[in-house]
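Novice: Line by line, the protein sequences are chains A and B. Letter 20 of the first sequence, counting from 1, is numbered 137 in our numbering, and no numbers are missing. Letter 42 of the second sequence, counting from 1, is numbered 1009 in our numbering, and no numbers are missing.
The set of hints was computed from the structure by calculation and includes no laboratory data. Accuracy of the hints is not assured; some may be wrong.
Examples of chain A residues toward chain B, derived with CB under 8 Å [said to hold, decoys possible]:
| id | residue |
| --- | --- |
| 1 | VAL130 |
| 2 | PRO147 |
| 3 | VAL151 |
| 4 | ARG171 |
| 5 | ALA173 |
| 6 | PHE193 |
| 7 | ASP197 |
| 8 | ALA198 |
| 9 | GLY203 |
| 10 | LEU204 |
| 11 | ARG214 |
Restraint ranges, calculated between C-beta atoms of paired labels, are given here [unchecked claim]:
| id | chain 1 | residue 1 | chain 2 | residue 2 | range |
| --- | --- | --- | --- | --- | --- |
| 12 | A | LEU153 | B | GLU1025 | 30 to 38 Å |
| 13 | B | VAL1064 | A | VAL195 | 13 to 21 Å |
| 14 | B | SER1072 | A | SER152 | 46 to 54 Å |
A few chain B positions that, by computed beta-carbon distances, are all more than 12 Å from chain A [to be verified]:
| id | residue |
| --- | --- |
| 15 | ALA1030 |
| 16 | ARG1052 |
| 17 | GLU1074 |
| 18 | GLU1076 |
| 19 | PRO1084 |
| 20 | LYS1105 |
| 21 | VAL1107 |
| 22 | ARG1117 |
Predicted model only: the values in this text are computed from it and were never measured. A virtual CB, placed ideally from N, CA and C, is assigned to each residue, including glycine.
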Amino acid sequence: MKGEVLATPRLDVLEGPNDFVIVFEVPDVPRNAVSLGVVAGRLELDAVQSLGEREAKCFVPRRFRASVSLPESTDFGVVDASLDAGLLRVRVAKSERGRTRQIPISAAS
Amino acid sequence: MQTLSRVRGGYHPEFFSILEKFGGLERDFFETFSFRRVEPSSASVVAPRFAFFEDGDELVLRAELPGARAERIEATIDRERLVIRGEASQSVPEGYVSRRRSRESGEFEHRVTLPCPIDAERVSATLERGVLIVTLPKAVARGPRRIPVRAVTAEAECVGEQT
Chain A
118 MKGEVLATPR
128 LDVLEGPNDF
138 VIVFEVPDVP
148 RNAVSLGVVA
158 GRLELDAVQS
168 LGEREAKCFV
178 PRRFRASVSL
188 PESTDFGVVD
198 ASLDAGLLRV
208 RVAKSERGRT
218 RQIPISAAS
Chain B
968 MQTLSRVRGG
978 YHPEFFSILE
988 KFGGLERDFF
998 ETFSFRRVEP
1008 SSASVVAPRF
1018 AFFEDGDELV
1028 LRAELPGARA
1038 ERIEATIDRE
1048 RLVIRGEASQ
1058 SVPEGYVSRR
1068 RSRESGEFEH
1078 RVTLPCPIDA
1088 ERVSATLERG
1098 VLIVTLPKAV
1108 ARGPRRIPVR
1118 AVTAEAECVG
1128 EQT
């Protein structure tokens, strides 16, 4: 079988004090078939499944595409990603401006 | 004249009376034809993508279970069916807040009625890149066995009776 089917991956977006973590579900996608990019403040994913020989006889692989918008406070200069067990975890650091700061409150005397 | 009734999932009542006549067939019918059957043991239940197919001498079950750990998946097989149970769980790490969520979280159970005898000893399962593959080799088909017919000569007795 030839071709591929476009699919939107299930994903979670988590916000921490210093970063955002985006988790994409991309089962059966090898590392070399993942493309991640930043376009106009959006995180863009394009990943293609690589089916085994037996499965390829019965199924068409899926192409996962997603575009996630993140707040302006995101520093797209600092992005790291890891792929494990069919999950792609992308960490995007917040810029200095977006970080959570604790403001000390002084006791009035 | 019987009219179509919406009771019991829209099946014609006649259908059930026929099943009842055969005694216990009703249960078998639904176990065979309901592809997914989940016991309400947990609040949330998920339905991962499953596919069951045949490849030559093997049957293959493929399930997309991104993020699953092998030790959290239970696969059992008996003469009639293969059952896969597991849990898809996502935890929000300490200090993080969920902003968007489309990944599913919960338990799943998937049953497949085996269409032919399986060599249960050689069934294997792997989990790679978030995909579970269970390979079920078909039991080696023993062709019809020839039973030799041995001719028994009882000439002596016959001769004896006739005379």
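Novice: Does each hint fit the structure? Answer for all of them.
Specialist: To see whether the hints hold, each was checked on the structure:
no.: 1; hint: VAL130; verdict: 4 Å, holds
no.: 2; hint: PRO147; verdict: 7 Å, holds
no.: 3; hint: VAL151; verdict: 11 Å, violated
no.: 4; hint: ARG171; verdict: 5 Å, holds
no.: 5; hint: ALA173; verdict: 11 Å, violated
no.: 6; hint: PHE193; verdict: 17 Å, violated
no.: 7; hint: ASP197; verdict: 16 Å, violated
no.: 8; hint: ALA198; verdict: 15 Å, violated
no.: 9; hint: GLY203; verdict: 2 Å, holds
no.: 10; hint: LEU204; verdict: 5 Å, holds
no.: 11; hint: ARG214; verdict: 18 Å, violated
no.: 12; hint: A/LEU153 to B/GLU1025: 30 to 38 Å; verdict: 36 Å, holds
no.: 13; hint: B/VAL1064 to A/VAL195: 13 to 21 Å; verdict: 20 Å, holds
no.: 14; hint: B/SER1072 to A/SER152: 46 to 54 Å; verdict: 28 Å, violated
no.: 15; hint: ALA1030; verdict: 9 Å, violated
no.: 16; hint: ARG1052; verdict: 18 Å, holds
no.: 17; hint: GLU1074; verdict: 17 Å, holds
no.: 18; hint: GLU1076; verdict: 19 Å, holds
no.: 19; hint: PRO1084; verdict: 20 Å, holds
no.: 20; hint: LYS1105; verdict: 14 Å, holds
no.: 21; hint: VAL1107; verdict: 20 Å, holds
no.: 22; hint: ARG1117; verdict: 47 Å, holds
Consistency note: the structure conflicts with the earlier hints numbered 3, 5, 6, 7, 8, 11, 14, 15.
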